[in-house]
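Protein sequences, first through last, are from chains A and B. Residue 89 is where the first sequence starts when you use this note's numbering, and the numbers rise one by one after that. Residue 30 is where the second sequence starts when you use this note's numbering, and the numbers rise one by one after that.
By construction, these hints were calculated from the structure, which means they are not laboratory data. Where hints are given, some of them may not hold.
Derived EDC-like pairs (lysine to aspartate or glutamate); straight-line CA-CA distance at most 20 Å [unchecked claim]:
{"id": "1", "chain 1": "B", "residue 1": "Lys156", "chain 2": "B", "residue 2": "Glu194"}
{"id": "2", "chain 1": "B", "residue 1": "Lys226", "chain 2": "A", "residue 2": "Asp266"}
{"id": "3", "chain 1": "A", "residue 1": "Lys191", "chain 2": "A", "residue 2": "Glu256"}
{"id": "4", "chain 1": "B", "residue 1": "Lys81", "chain 2": "A", "residue 2": "Asp266"}
{"id": "5", "chain 1": "A", "residue 1": "Lys146", "chain 2": "A", "residue 2": "Asp176"}
{"id": "6", "chain 1": "B", "residue 1": "Lys104", "chain 2": "B", "residue 2": "Glu68"}
{"id": "7", "chain 1": "B", "residue 1": "Lys226", "chain 2": "B", "residue 2": "Glu119"}
{"id": "8", "chain 1": "B", "residue 1": "Lys81", "chain 2": "A", "residue 2": "Asp259"}
{"id": "9", "chain 1": "B", "residue 1": "Lys156", "chain 2": "B", "residue 2": "Glu119"}
Computed footprint of chain A on chain B, listed as stretches where at least three residues anywhere in the stretch have a Cβ under 8 Å from a Cβ of chain A [unchecked claim]:
{"id": "10", "region": "144-152"}
{"id": "11", "region": "238-244"}
Covered stretches of chain A (chain B as the covering partner; in silico rule of three or more C-beta atoms under 8 Å from a C-beta of chain B) [what the hints assert, rightly or not]:
{"id": "12", "region": "201-213"}
{"id": "13", "region": "240-248"}
{"id": "14", "region": "255-269"}
Even glycine gets a Cβ: it sits at the ideal position worked out from N, Cα and C.
In case you want the letters, here they are:
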Amino acid sequence: MSERDDERRPVEGPAGDLPKDLHLWKLPRGRHGLPRELVARSQRERLLAAVIRVSAAKGYRASSVADVLGEAGVGRETFYRHFKGKEDCFLTANDALVADLEKRVQRAYQGPGIWPERVRAGLAVVLDWFAASPEIARVMLIEMGTVGPIARVRFRGTFRRFTALLEEGADFAESARDLPNIATLAGGAVFARVYEEVALDNGATLPGQLPQLTFELLLPYLGEEAAARERASAERELAERAGADAAQP
Amino acid sequence: MGASNSGQRETGQAREGPVGAAVLTPSLPWDLAARSQRERILRAMAQSCAEKSFAGTTIADIVGKASISRATFYKHFANKTECFFAAAEEFLAELGETAGEAGATAGSGTDAVRAGALAVLERLARKPDHASLLLVETPVVAPEVVRRCRSMALDRLEVSLGGREATAEASPEMAFGRANLLIADQLAAGEAAALPKLLPELLYVALLPYVGHDEALDQARRIA
Numbered sequence: 089m090s091e092r093d094d095e096r097r098p099v100e101g102p103a104g105d106l107p108k109d110l111h112l113w114k115l116p117r118g119r120h121g122l123p124r125e126l127v128a129r130s131q132r133e134r135l136l137a138a139v140i141r142v143s144a145a146k147g148y149r150a151s152s153v154a155d156v157l158g159e160a161g162v163g164r165e166t167f168y169r170h171f172k173g174k175e176d177c178f179l180t181a182n183d184a185l186v187a188d189l190e191k192r193v194q195r196a197y198q199g200p201g202i203w204p205e206r207v208r209a210g211l212a213v214v215l216d217w218f219a220a221s222p223e224i225a226r227v228m229l230i231e232m233g234t235v236g237p238i239a240r241v242r243f244r245g246t247f248r249r250f251t252a253l254l255e256e257g258a259d260f261a262e263s264a265r266d267l268p269n270i271a272t273l274a275g276g277a278v279f280a281r282v283y284e285e286v287a288l289d290n291g292a293t294l295p296g297q298l299p300q301l302t303f304e305l306l307l308p309y310l311g312e313e314a315a316a317r318e319r320a321s322a323e324r325e326l327a328e329r330a331g332a333d334a335a336q337p
Numbered sequence: 030m031g032a033s034n035s036g037q038r039e040t041g042q043a044r045e046g047p048v049g050a051a052v053l054t055p056s057l058p059w060d061l062a063a064r065s066q067r068e069r070i071l072r073a074m075a076q077s078c079a080e081k082s083f084a085g086t087t088i089a090d091i092v093g094k095a096s097i098s099r100a101t102f103y104k105h106f107a108n109k110t111e112c113f114f115a116a117a118e119e120f121l122a123e124l125g126e127t128a129g130e131a132g133a134t135a136g137s138g139t140d141a142v143r144a145g146a147l148a149v150l151e152r153l154a155r156k157p158d159h160a161s162l163l164l165v166e167t168p169v170v171a172p173e174v175v176r177r178c179r180s181m182a183l184d185r186l187e188v189s190l191g192g193r194e195a196t197a198e199a200s201p202e203m204a205f206g207r208a209n210l211l212i213a214d215q216l217a218a219g220e221a222a223a224l225p226k227l228l229p230e231l232l233y234v235a236l237l238p239y240v241g242h243d244e245a246l247d248q249a250r251r252i253a
């Protein structure tokens, strides 16, 4: 399989079944009355969750299959029934996470509203995602870069699929004619900030950066004035959210 | 290939890392040999990173590509990471010099920015392995080098623009991120030779925080 093919490979995984809190994946050990198929499925999921936790804690390079087995409470033979090795397991887990994030972003992006509003909604999902779990954020962004060439190609492919969501903007933005890579220019600003915050363990600050990042994301398409209008909407949205949180007991 | 660079490397003491024993030895022929070995090692590191990423690169890969012994490698570098840092730092310095010279020749203002940006793109196009080492691998292996690269690029940009500070609303740091992704994407597509064609977009991105969207777009159009 060439690198290009790998990049185009559609991402599939147990995305729909991916619990937000990965710790839920760890089932109690010992006898239980579950059907064989369900056990296998949960063993696979436990391994996926374990490889993420272990890689986040120790780093992908420093962790071994044995670490993953220990974390998942699964035997070696079972591991190799599901995965070819550590890299396969790690990449499968990453693909599942990416697919889940993509689905959520798509859902938000395809919601109601004009294009800038939908872009902002999609961006909010991305920022919330990377803030929600420092472990997942670290694995998807930082550890993914330490795996090797296959992961590198897949990572690029992911970035490109996310920026492709912006392509609709080129239909009406005049600047797109002069900036053929406008989606990369726009998405690059957000990516750089998200990557840096996660690398510095500041991922939790990302949702609060929605106004500025909305502005930077839309700027190449819309210019300062229109991008600032959307930034103001994002500020209102954050204030409302904070108000709603404060109202909760 | 190595000979073309050796002219600028007369004062090697600062460049040599902590294991720069080679430069401390006054005997010239040996010193020259060591220097060319070091250059070969750094080039081999860049090649191997381009092929199989830093993570997949082993000392054996570097030693094989540089046609040196393992012992020679360890005379220059303590380990793979130290070697990577040296390769990234040296290429970064090279880009800085290139941009500085081109910018200074062009005078000041937008012309200087354009000349500097073009010089950088041309150098990256000529050395795609080093380009991918710096833009693709360094953020993972040595994020502090990327931050240094960013402040270097932004300082130079401000100098070129006559000490102008960012006045428009866009963040200069994020402008650097845009440029980084723009170039890295082109490298990942295997289109390094076409990097100079990105000049209008790179100019747009560089000017965005200083002159704003309309003016930056205007400048990009003018050279497209």
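Structure-based check of all given hints:
no.	hint	result
1	B:Lys156 to B:Glu194	violated (32 Å)
2	B:Lys226 to A:Asp266	holds (12 Å)
3	A:Lys191 to A:Glu256	holds (18 Å)
4	B:Lys81 to A:Asp266	violated (35 Å)
5	A:Lys146 to A:Asp176	holds (18 Å)
6	B:Lys104 to B:Glu68	holds (13 Å)
7	B:Lys226 to B:Glu119	violated (25 Å)
8	B:Lys81 to A:Asp259	violated (38 Å)
9	B:Lys156 to B:Glu119	holds (13 Å)
10	144-152	violated (count 0)
11	238-244	holds (count 3)
12	201-213	violated (count 0)
13	240-248	holds (count 5)
14	255-269	holds (count 5)
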